[in-house]
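S.K.: Here the sequence shown is numbered in the working numbering, starting from 172 and rising by one per residue.
Some hints could be false.
Straight-line distance between alpha carbons at most 20 Å, and here's what the computed SDA-like set of lysine to any residue pairs gives [what the hints assert, rightly or not]:
#1 K289 with Q333
#2 K249 with Q333
#3 K249 with L197
#4 K249 with L231
#5 K249 with L237
#6 K289 with E213
Simulated restraints on C-beta separations [said to hold, decoys possible]:
#7 H247 with L277: 28 to 34 Å
#8 Q351 with Y198: 37 to 43 Å
#9 I178 with G267: 20 to 26 Å
Calculated directly from the structure, the hints in this document are not laboratory data.
Quick reminder that beta carbons are idealized off the backbone N, C-alpha and C, glycines included.
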Amino acid sequence: QRIMADIIEPTVRGLAADGIRYTGFLYAGVMIDSDGTPRVLEYNCRFGDPETQPIMMRLLSDLPDLCLAAIAGRLHEKQAEWDPRAALGVVMAAGGYPADYHQGDLISGLQSVDDACKVFHAGTRLNDDQQVVTAGGRVLCVTALGESVALAQQQAYACLRQVSWPDAFYRTDIGYRAVQREQDSNR
Numbered sequence: 172q173r174i175m176a177d178i179i180e181p182t183v184r185g186l187a188a189d190g191i192r193y194t195g196f197l198y199a200g201v202m203i204d205s206d207g208t209p210r211v212l213e214y215n216c217r218f219g220d221p222e223t224q225p226i227m228m229r230l231l232s233d234l235p236d237l238c239l240a241a242i243a244g245r246l247h248e249k250q251a252e253w254d255p256r257a258a259l260g261v262v263m264a265a266g267g268y269p270a271d272y273h274q275g276d277l278i279s280g281l282q283s284v285d286d287a288c289k290v291f292h293a294g295t296r297l298n299d300d301q302q303v304v305t306a307g308g309r310v311l312c313v314t315a316l317g318e319s320v321a322l323a324q325q326q327a328y329a330c331l332r333q334v335s336w337p338d339a340f341y342r343t344d345i346g347y348r349a350v351q352r353e354q355d356s357n358r
């Protein structure tokens, strides 16, 4: 709510005050500084990656229908439906990323990923044998839903551990602040 009140809503009001009738996606790259203040790093007129993957896991409404309503100026007539569960995504990256990284490594385990998770491909391609291989720095985003952030986190990491390739790596701290807030609020 703080980011909406302090950043997004003033941005939209500022666009309107300048006579800009913006229709589309507005992505704000925001970092929270050491004292908890949100700081804008960038704005983009697109979905953010990998932030979009967990959002799409929660969206129950038809995205093209919402987009067409926005284009027609009728978005206010629509009600987006959301899965109430928490969503969490963990990026699996190629060894060396963000600097030089290897491409063409065979990715194993994709077929064994639990149906409770969704694996979003980013830096992948099919090789000549029609096998999925690495083709970029950020290779996959393994995403899961859960009744809490902690449960979504557990599920995402459990699914992620089923996938591998040489020198694959990922952060192990995704969602830890939100999990801590959940735990603090349950005390």
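S.K.: Against each hint, give a clear statement of whether it holds in the structure.
M.R.: Each hint tested on the structure:
1. K289 with Q333: This hinted pair holds, its Cα atoms lying about 12 Å apart.
2. K249 with Q333: Violated, at roughly 39 Å.
3. K249 with L197: holds, 18 Å
4. K249 with L231: The given pair, whose Cα atoms are some 13 Å apart, holds under the 20 Å limit.
5. K249 with L237: Within the cut-off at roughly 7 Å; holds.
6. K289 with E213: Not OK: K289 and E213 at ~28 Å, beyond 20 Å, violated.
7. H247 with L277: 28 to 34 Å: About 49 Å separates the Cβ atoms of H247 and L277, which means 28 to 34 Å is violated.
8. Q351 with Y198: 37 to 43 Å: With a Cβ separation near 26 Å, Q351 and Y198 fall outside 37 to 43 Å, so the hint is violated.
9. I178 with G267: 20 to 26 Å: Roughly 34 Å apart at Cβ, these two residues miss the hinted range, so it is violated.
Hints 2, 6, 7, 8 and 9 from the earlier list are contradicted by this structure; the remaining hints agree with it.
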